[in-house]
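Chains as they are written, first to last, in full-length UniProt numbering: chain A, 1 to 330; chain B, 1 to 330; chain C, 1 to 330; chain D, 1 to 330.
You may find that some hints are simply not true.
Said to hold, decoys possible - Pairs of lysine to aspartate or glutamate residues, derived as DMTMM-like cross-links and limited to a Cα-Cα distance of at most 25 Å, are as follows: (1) D:LYS177 - A:GLU126; (2) B:LYS177 - C:ASP154; (3) D:LYS177 - A:ASP154.
What the hints assert, rightly or not - One-sided and incomplete, this derived list gives chain B residues near chain C with beta-carbon spacing under 8 Å: (4) TYR56; (5) PRO114; (6) THR116; (7) ILE192; (8) SER193; (9) GLU198.
These are calculated hints, taken from the structure and not from any lab test.
No residue lacks a Cβ here, since even glycine has one placed at the ideal position from N, Cα and C.
4 protein chains.
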Amino acid sequence: MTAAGLPSTLGAQSKPCVLVVERAVSEERRKWVGTLPGVSHVVTTSDSCRLTSRCYRSESSTVTLERGRIAIGGNEFVVAAGPCAVESEELLGATADAVVQRGAVLLRGGAFKPRTSPYSFQGLGESGLDMLDRTRHRTGMPTVTEVLEPSQVDRVARSSDMLQIGARNMQNFPLLKAVGRSGRPVLLKRGISATVEEWLSAAEYILSEGNFQVVLCERGIRTYENSTRFTLDLSAVPVVKSLSHLPVIVDPSHSSGRVDLVKPLALAAAAVGADGLIIDVHVDSREALCDANQALAPEQFASLMGSLDRILTAVNRPLARLSSTSKPKN
Amino acid sequence: MTAAGLPSTLGAQSKPCVLVVERAVSEERRKWVGTLPGVSHVVTTSDSCRLTSRCYRSESSTVTLERGRIAIGGNEFVVAAGPCAVESEELLGATADAVVQRGAVLLRGGAFKPRTSPYSFQGLGESGLDMLDRTRHRTGMPTVTEVLEPSQVDRVARSSDMLQIGARNMQNFPLLKAVGRSGRPVLLKRGISATVEEWLSAAEYILSEGNFQVVLCERGIRTYENSTRFTLDLSAVPVVKSLSHLPVIVDPSHSSGRVDLVKPLALAAAAVGADGLIIDVHVDSREALCDANQALAPEQFASLMGSLDRILTAVNRPLARLSSTSKPKN
Amino acid sequence: MTAAGLPSTLGAQSKPCVLVVERAVSEERRKWVGTLPGVSHVVTTSDSCRLTSRCYRSESSTVTLERGRIAIGGNEFVVAAGPCAVESEELLGATADAVVQRGAVLLRGGAFKPRTSPYSFQGLGESGLDMLDRTRHRTGMPTVTEVLEPSQVDRVARSSDMLQIGARNMQNFPLLKAVGRSGRPVLLKRGISATVEEWLSAAEYILSEGNFQVVLCERGIRTYENSTRFTLDLSAVPVVKSLSHLPVIVDPSHSSGRVDLVKPLALAAAAVGADGLIIDVHVDSREALCDANQALAPEQFASLMGSLDRILTAVNRPLARLSSTSKPKN
Amino acid sequence: MTAAGLPSTLGAQSKPCVLVVERAVSEERRKWVGTLPGVSHVVTTSDSCRLTSRCYRSESSTVTLERGRIAIGGNEFVVAAGPCAVESEELLGATADAVVQRGAVLLRGGAFKPRTSPYSFQGLGESGLDMLDRTRHRTGMPTVTEVLEPSQVDRVARSSDMLQIGARNMQNFPLLKAVGRSGRPVLLKRGISATVEEWLSAAEYILSEGNFQVVLCERGIRTYENSTRFTLDLSAVPVVKSLSHLPVIVDPSHSSGRVDLVKPLALAAAAVGADGLIIDVHVDSREALCDANQALAPEQFASLMGSLDRILTAVNRPLARLSSTSKPKN
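Using the sequences and the hints given, assemble the complete structure.
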């Protein structure tokens with residue numbers, strides 16, 4: 001693609017599709033694009049039919065993590081769990097063991113933590129990534145961790161199975177393009193004041209780079225209400241499902257900021273049609289260096305999973321399990 | 001105050017209790033109040049322990065509608081359904097028959113409709129009340145309908161089992177006091193930009209008049225998001241449950257304004273711990289004079305009830321049924 | 001009005017205009033209405049051309065208070081000031097004397113105070129009205145005070161020159177109709193989460209009863225920001241001016257809830273094009289029974305008026321003065 | 001850290017200060033830091049006294065742009081103007097000439113445009129920077145332009161006098177640190193749903209890197225109101241002024257998205273105490289490639305400046321002028 005917004009991945013590779021924008025690109029130019037090496041189809045998008053939309057792809061997409069052979073967006077319901085931040089390999093490992101035992105299949109944990117204040121704990125950085133990497137190899141659990149800037153993408157992609165774009169970076173377009181180019185599965189959190197439309201447009205940045213491996217994550221929006229940290233917008237789940245083929249999961253921990261609300265909101269997320277959950281769990285939850293008051297203790301997580309199981313039965317969605325025969329790749 | 005809702009020690013008297021506020025009333029005056037005829041106890045409330053709070057009453061309250069012997073707030077889950085507005089006795093009756101058959105136990109329908117524009121259909125008024133009255137007698141279903149001003153309270157209370165305070169009137173204090181004095185069960189909708197704290201303070205106006213028969217209704221709050229009419233705040237359900245002993249139900253119809261979202265949000269409400277639902281149903285939903293695009297057709301309502309049943313099983317709450325032997329009172 | 005929404009004032013009087021709604025009223029019926037006694041014109045409104053809109057009346061309206069011969073909405077800028085609540089005749093009188101001396105022409109003061117909690121000070125009620133009445137006669141200042149329910153309208157109208165509809169009652173439609181029927185000048189505060197369109201629709205309720213004496217008041221909207229009590233939406237002033245012929249004033253006291261912000265916001269309101277201000281002033285501001293931290297002391301009010309005078313010169317709008325020869329009517 | 005912005009006692013050294021956070025750093029470690037080469041003072045900050053706060057520096061800061069010798073935050077009021085995006089050197093130059101003639105002293109224009117959709121015009125990139133660079137040399141006007149990612153900072157800093165952090169990047173922490181390290185003056189726009197506290201914490205990221213050359217820019221927050229694109233929060237100006245020593249300017253163009261509101265909001269910003277404005281102006285405003293409906297035509301800008309002049313006289317703040325003897329540096 002030209003500077004006018006074509007995928008930068010369009011090089012020598014086998015990508016079969018070139019994106020063309022209706023109004024920005026002339027008929028003539030569109031034809032010319034179709035003659036470029038490696039281009040098999042030219043798709044014209046419009047405001048009403050983008051790569052993220054159901055009009056472009058009517059069936060629901062699944063995003064697959066090779067490690068553990070997990071598919072997000074299919075019939076199975078996927079639970080990610082782990083500490084807000086990686087604090088030490090021991091704590092991370094203990095939490096991973098605790099959550100995998102109780103049914104989580106994806107390990108979360110931040111090595112780079114975006115914090116409102118420059119004086120708050122900012123994560124362990126690269127050593128945190130190394131801890132994640134060793135833990136995923138030891139346990140066989142795939143991992144998801146946040147990436148904060150384009151220059152980190154390759155480094156983080158080497159140590160984690162899925163790249164998380166945090167709420168604050170939902171419209172960090174150079175970062176979206178970078179994770180798009182990486183080809184890695186991406187977890188795209190909704191910005192705290194993003195409309196559903198803006199959220200899908202942010203995802204479009206990733207897809208337009210040729211990376212369709214995007215999972216959306218509703219994590220609460222900012223409203224006037226102050227009994228919860230954010231207002232979890234569960235309506236957004238069926239709204240997104242009606243507009244887009246992408247999977248959607250829900251984060252009941254960061255949205256509420258309250259341990260006592262995580263379980264009821266997790267059950268509601270399953271009932272409303274989400275494809276999974278991402279939950280803060282900490283083996284020593286009161287001592288967490290980050291967002292301590294929202295992390296579940298392992299036994300609270302176990303209780304949640306028990307109730308969740310009953311809701312999933314009601315909605316005919318089995319809980320995804322780590323395939324025991326899975327061999328970690330990478 | 002009536003005896004309703006006061007500690008059981010304040011039994012059979014006709015005016016057993018005077019409410020006194022800690023900071024506004026001197027010790028002296030409080031004693032003097034206790035000597036007034038009919039006053040047996042003086043209860044001092046405080047900011048942190050009001051009549052609506054769990055510190056005042058730790059066990060959950062149930063609100064009972066005599067017709068049909070329905071209790072809201074107990075273990076049974078209560079579904080109210082019916083048209084947004086009463087349009088004719090035929091349509092109301094047909095809808096009532098359709099919803100009761102499919103498991104609704106409470107009939108909703110507005111005779112007085114508060115409308116943003118003075119030129120929109122404002123409801124049938126008193127003749128609408130008469131239609132509600134005849135329909136509840138015929139079907140045995142109790143009814144809930146909105147009351148807009150203090151002077152209407154008695155009239156509406158004669159024709160309906162439960163009085164609804166709409167979102168726009170949540171802080172209409174003279175109206176809250178009037179329904180408080182009426183002693184009738186009240187459905188108090190949350191204001192579109194009310195905090196949970198303000199909502200409970202509004203309920204406190206009703207309870208402080210001696211009427212503890214209050215059910216809260218979450219119906220969406222106003223946010224920047226425009227894919228739904230309001231943002232349903234399901235977190236508010238467990239938040240209210242943690243603070244207050246009052247029952248809470250959820251309105252997935254008005255909050256979303258979209259037929260396609262009513263079912264998933266209804267299921268989520270059941271999963272999150274609500275005590276019931278109130279749902280717009282119309283036998284000829286495309287022709288509804290008011291909020292046509294949010295009313296379910298009877299077959300859509302049936303589908304919702306089927307799925308709801310499975311969720312209720314998962315959370316161990318049976319669906320409330322109209323007791324077949326019930327004899328309409330009034 | 002008939003059931004179809006015609007002005008109830010349409011009786012034997014000289015009102016020359018009957019409002020007819022495009023879609024609700026047939027051609028035939030419209031003609032018939034034109035033959036009724038006292039009807040000189042039949043005006044058909046539409047969604048895009050209502051009584052509040054500039055398309056209905058292109059020149060800006062002025063609302064006149066007879067006492068003091070004050071016109072709001074003309075070239076002169078009008079300052080209303082006074083205590084949040086009437087607490088005693090002495091305090092009210094002292095505040096009135098303090099503010100009139102410094103350039104206020106309209107006295108504000110609540111006799112009925114809508115309060116979030118039933119246990120907060122609710123105003124002096126009728127005795128507060130009597131104090132307002134005596135004070136306006138003594139000082140010659142017209143008064144504005146809040147009315148909370150339809151049944152109070154006549155009583156309040158006897159004791160005050162202008163009726164205030166508070167933010168919580170902006171969509172209390174029976175109350176809007178009642179103040180509409182009263183014919184008295186009305187100050188209509190914007191609801192804390194009302195759009196400009198809803199605000200104008202609320203005003204339309206008053207105008208559609210034949211009362212065009214409506215002044216709008218921007219007083220802050222509810223947002224996530226918590227450094228101020230509400231977020232003053234000064235953009236709403238020119239937005240309203242572009243849509244409607246009605247005057248708009250601004251309340252910098254209740255919107256911010258902070259004494260230190262009242263002056264800068266008052267100056268900004270004058271610069272943005274408001275027709276006036278309404279400001280909390282209390283002679284003993286720390287002891288105010290209601291919203292103590294937002295009331296200016298008289299010397300702070302004097303400082304504000306000095307700076308305001310310079311801004312008004314810059315925008316070519318003189319400050320309205322009480323006409324010294326005015327004789328209180330009523 | 002550079003010397004920029006440190007107490008005057010920390011004069012000529014090249015690395016005079018190390019920042020230490022109260023709770024994260026032990027007494028022992030703090031002392032050790034003080035012994036490092038080049039460290040002359042150790043400053044301990046706390047939650048309540050950060051580098052951005054008035055408790056750290058009580059007098060207001062000024063941020064100086066060498067080209068044109070402009071100081072923002074002093075008594076003079078500074079107007080920045082120019083096109084939303086750089087589209088061609090001709091259009092940029094013509095707009096620069098038009099605005100400087102009418103009193104603007106700082107030229108705005110985006111070379112990198114963050115856009116909600118990947119298919120919208122994204123700016124001219126480096127060639128846009130070159131156009132800005134040549135235009136500032138030709139006209140003597142300093143420039144401000146947006147930077148989107150850390151790796152661009154040096155390149156943008158070579159071509160522009162001031163670096164803008166857009167609203168979407170207010171919490172892009174790696175970017176904040178990078179512009180902090182650059183030492184260049186920074187214009188930090190408020191995030192669309194950032195509290196004032198979060199905004200100041202974002203600025204703290206820049207200051208904590210030793211760069212005190214930060215100007216804040218209020219540009220509207222996201223609310224439910226939809227008659228304007230965002231709700232300009234003018235209260236934030238005096239709120240920031242009370243908390244922080246940093247200058248604050250206002251963007252009435254992007255906040256409202258409406259040409260007709262730019263002038264009244266600009267006047268209100270001057271009256272409320274802002275230190276300047278940043279305004280979209282386009283010589284051919286209807287043809288602007290980006291946000292066409294918010295750019296003023298030169299004659300509209302002239303009218304605004306005329307009215308602004310009168311308001312500035314009223315508040316005793318002269319309009320900053322480009323010093324005619326200024327020689328472009330760089």
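Cross-check of the supplied hints:
Our distance criterion of 25 Å between C-alpha atoms is met by LYS177 (chain D) and GLU126 (chain A), whose separation comes to about 18 Å. Of the supplied pair hints, the one linking LYS177 (chain B) and ASP154 (chain C) holds, its CA atoms being roughly 21 Å apart against a limit of 25 Å. Distance check on the hinted pair: LYS177 (chain D) and ASP154 (chain A) sit about 21 Å apart at the alpha-carbon level, within 25 Å; holds. About 13 Å separates the beta-carbon of TYR56 (chain B) from the nearest beta-carbon of chain C, more than 8 Å, and the hint is not met.
At a threshold of 8 Å, the smallest CB-CB gap from PRO114 (chain B) to chain C is about 5 Å, leaving the interface hint in force. For the restraint placing THR116 (chain B) at the interface with chain C, the shortest Cβ-Cβ distance is roughly 5 Å, inside the 8 Å limit, so the hint holds. Here the hint on ILE192 (chain B) is kept, as its CB sits about 6 Å from the closest CB of chain C, short of 8 Å. Taking 8 Å as the C-beta contact cut-off toward chain C, the hint placing SER193 (chain B) at the interface holds, the least distance being around 3 Å.
A distance limit of 8 Å between C-beta atoms decides the matter here; for GLU198 (chain B) the minimum to chain C is near 6 Å, and the interface restraint holds.
Consistency with the previously given hints fails for number 4 only.
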